[in-house]
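S.K.: So in our numbering, spot 205 of the sequence shown is number 205, and the numbers just go up one at a time.
Take the hints with a grain of salt, since some may be wrong.
If you anchor each label on the Cβ, the simulated ranges turn out as follows [to be verified]:
#1 33 x 188: 25 to 35 Å
#2 272 x 147: 28 to 38 Å
#3 280 x 79: 49 to 59 Å
#4 118 x 204: 19 to 29 Å
#5 26 x 69: 37 to 47 Å
#6 254 x 107: 53 to 63 Å
#7 271 x 147: 43 to 53 Å
#8 275 x 254: 19 to 29 Å
#9 275 x 73: 49 to 59 Å
#10 121 x 290: 30 to 40 Å
#11 254 x 33: 34 to 44 Å
#12 267 x 107: 25 to 35 Å
#13 107 x 68: 13 to 23 Å
If you are wondering where the hints come from, they were derived from the structure by calculation, not from laboratory data.
Fair warning: this is a prediction, and the values are worked out from it, not measured in the lab.
Just so you know, even glycine gets a beta-carbon here, dropped at the ideal spot from N, CA and C.
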Amino acid sequence: MSKLATALSLSLALAVGAAGVEELVADANIAYRNGRLERAEELYNQALAVEPQNVAAINGLGLVAMARGDYETALDRLLPLVGEFQNDANFLYSLGSIYKALGDYPNASDVFSRALELTPDDPPLLSGMVESLLQEGRIDEALPLSADLVELDQRNADYLYLHAMANRLSDNHVNARRYLEYVLQYEPGYELAFDPLFETYLVLEDYTAALEHAQHWVEVVPGDGWAWRALGMAHYKNADFSGAFEAAQLMLELGRVDNQLLKVVSHWLRATDRGGEARRLWERAAELQPYNMVAQGELGGD
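Model the full assembly from the supplied sequences, consistent with the hints where possible.
M.R.: Listed below in structure tokens is the structure:
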């Protein structure tokens, strides 16, 4: 480093020191809360240039990385601070959320558990804990916590969804239906609920409700091939093979393939002397999925 560069660096450090590291961190925190991530990062780094081990600045850089979706960097920043913030529920929530985003659910549930010991009725912490437990397959542990979560906020679609999924994974399809219907009652466009609710209707053999739900699904998300697949299956379950055929065509146009629906529709087409149309369905399926052995078998059998 040249003498001039060294002098400038020392001058900057002295200036920052005069301003105060705490003031820099406070300004960085404000910038972070306002979504000005670049400015926050700049100020945190200025603070660290003066005080390299400033835990608040290091934590701030971790939060900035987390906000950007750079979870690996965020984890590298926050892990060394665990001892310093082991009794800080907000810090533990951030760390648990990073683990969850990285798919490390055992560590996520462990961190959320420690945070819940500090603030037992905190909905975001409970939500993170429930999601992590469900991902781990620890359904029996997740179910009572998801019930607590819904009790704390009975109109929150995210919490209702988690409780519904805990019930569904417990094979309590009646309760799963109830809570998934609540989700769409409070938030009609909640796309995560569409498919599990449809499958729940099928399990419960309520084909009228399945058809009404599938029709709503395609109205909300007309470009979703799985919505059209659901509509096709609902038509089939209601013995409307013509409707199932139309929905299957749209499903394929949107780039989705479901062999079960296509088998039902192609069997009906061949039984009504429309084998050419059946073949075209399977040709489209094979085009979308060249290694679809069912499609290849259907085409080879024509």
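S.K.: So which hints don't hold here, by number, going up?
M.R.: 2, 4, 5, 6, 10 and 12
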